[in-house]
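Asks: The residues making up each chain are set out below.
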Amino acid sequence: MNALPEVSSHAMARSRWRGGEIAFWVLVLACAFLFPSRYLIMTDILRLALFALSLDLILGYAGIVSLGHAAFFGVGAYCAGLLALHGIITEPVIALVAAGLVAMVLGFLTSFLVIRGVDLTRLMVTLGIALLLEALGERFSNITGGTDGLQGIEMAPILGLFAFDMFGKTGFFYSLIVLFLLFLLARRVVNSPFGLSLRAIKNNPLRASAIGVPVNRRLIAIYTLAAFYAGIAGALFTQTTALASLDVFAFEKSADLMLVLVLGGTGYLYGGLIGAVVFKMLQEFFSTITPQYWLFWIGLVLVVIVLVGRDRMHRWALWLPNLVIRKIAGRKAVVAVPESDAP
Amino acid sequence: MTTLFTILFDGVAYGMLLFVLACGLAVTLGLMNFVNLAHGAFAMTGGYVCAVLVNNSGWPFFAALPLAFVVSAVIGVALERTLYRHLYTRSHLDQVLFTIGLTFMSVAAVDYIMGSSRIFIKLPAALEGQFDFFGVGIGRYRLMIIVICGLLTVGLQLILAKTRFGSRLRAAVDDPRAASGLGINVPQVFAFTFAFGCGLAGLGGALSAEILGLDPYFPLKFMIYFLIVVTVGGSSSITGPFLASLLLGIGDVAGKYYVPKMGPFVIYTIMIVILIWRPNGLFGRTAAR
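Residue numbers (this note's numbering), protein chains in the order written: chain Y, 1 to 343; chain Z, 1 to 289.
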């Protein structure tokens, strides 16, 4: 009978902000002032981080393997692009939310297809939806600009105050604020009873439904939310680069995203953020060696990660930062705990 | 009327080709429940082996075909023994990541070695052009594909249904534990099946260079087609994937002919509808275990 208070106190303890987390965000903010010449690539990382965060919500927390998450990214990107191009909503923040909402509606509609069937069917359906959207984008090239993409997008100043500059400073802080706000929301969601029920579903759907968790409704909810996040990430992409092309729907995009998340680790929200940094660094590194065959190295990284074992790799990667933090904080403070190691 | 027959004929040839390409995947994915997204890479290997032999070394086309099979099968069994084997029991996510990684590597490697442009295999003169059969234009090459693939299909069905190996494989798939208890060497059966499937994919790749086009992005471009064949066809027998391939082939050819602007739209829509209607495939038996 005393299980309930124990669970809730455990959940409360998990949802408390740890020193490591605060340090992480301070570090991110510090980067903004440490590397003022690299705003463009840092914005890129932030966008990717948000996108990966979105995948983490469904993959890490609900266990839905999606090969077509780029669909929502693409829809968000094109929405933001079209809204700005035709001057329907010129204010970036409102356009951002609008694009997110459109992606969310798509996510809601397609979630009914995704919750049916097993892993394989899900893979196929998510992949199919992304390919379908790509084919549609090609078909209606008068709207989407076809393979050339949307061109000549001009962004109005954010809130009418901050104009986008060519060094990407505005874009960077804009992306950072959006990422942080959405991260807070995601953090709140996954530590809520709703988030706990998602974990239950991920671990054993049958048992979860036996204890009264409405499995399908929860999956629809989180899938819809993840679509919203991905849409926002896509819209950020268009707004900060003034670009949207059919590449956004490509399979490689979804596969890269998986790699990002896997590099960082699933199921603790920071995975996407850390993964995005590592991924971009890898990309920089490999493209200086062989720019043309960058795909090979991505593939190699994926293969090695799987063969070494994802959990083991994350323990190695987190060993040093956690050691440092333990030394400084002197407690059991840790930066991040991958899902498998979570108590 | 004659165009209808031509479409049907081309569609059947295309479908047969897809079946040979994908039936190895039907076994690994449908029966062994291993998500192998790298299947197209084996097909591409076969295609390039055949192309190099015919174009550069001057081998006759029909002599190069078996070698395409053998090389793909050997690479398949080597990878199965060294890498894939460890992943049978892992989660689907791991399998997906691993095989996507392999696919990316193969794409970049082939791009590096062979260049990124589309490659053509020099065909013998006897296979070029077409002839009239009661007013229906029959492409010689497509006719050959239908004959070869038809024979292969019948052969596969016989092997699975009549031979000792076939019954071992079916037993190993139905219940690996009971099968190994009865003295069946399950890993060996799987390795052999995997190699055979890869070989067939390689053969399919060699045959398909003319029709589907062969370039380093082949595995990514056609991955979805192979997956459609298997998921729509289900995994209870090879008849399911066979019918699914024919459906897909005819649907795709007809779609491209009648509504060219919709492109691949038709196929994806059909696939999604079928998967919603019957998540385990049209001819499926049970959910994947």
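Since the hints were made in silico from the structure, they are not lab data.
Some hints could be false.
Unchecked claim - Derived lysine to aspartate or glutamate pairs resembling EDC-like cross-links, with alpha carbons at most 16 Å apart:
id, chain 1, residue 1, chain 2, residue 2
1, Z, K256, Y, E252
2, Z, K221, Z, D111
3, Z, K221, Y, E252
4, Z, K221, Y, D119
5, Z, K261, Y, E138
6, Y, K202, Y, D119
7, Z, K122, Z, E210
Asks: Could you run down the list of hints and mark each one as holding or not?
Replies: Going down the list of hints, with the structure as the test:
{"no.": "1", "hint": "K256/Z with E252/Y", "result": "violated (25 Å)"}
{"no.": "2", "hint": "K221/Z with D111/Z", "result": "holds (15 Å)"}
{"no.": "3", "hint": "K221/Z with E252/Y", "result": "holds (11 Å)"}
{"no.": "4", "hint": "K221/Z with D119/Y", "result": "violated (21 Å)"}
{"no.": "5", "hint": "K261/Z with E138/Y", "result": "holds (9 Å)"}
{"no.": "6", "hint": "K202/Y with D119/Y", "result": "holds (12 Å)"}
{"no.": "7", "hint": "K122/Z with E210/Z", "result": "holds (9 Å)"}
In terms of the numbered hints stated before, the structure departs from hints 1, 4, listed from lowest to highest.
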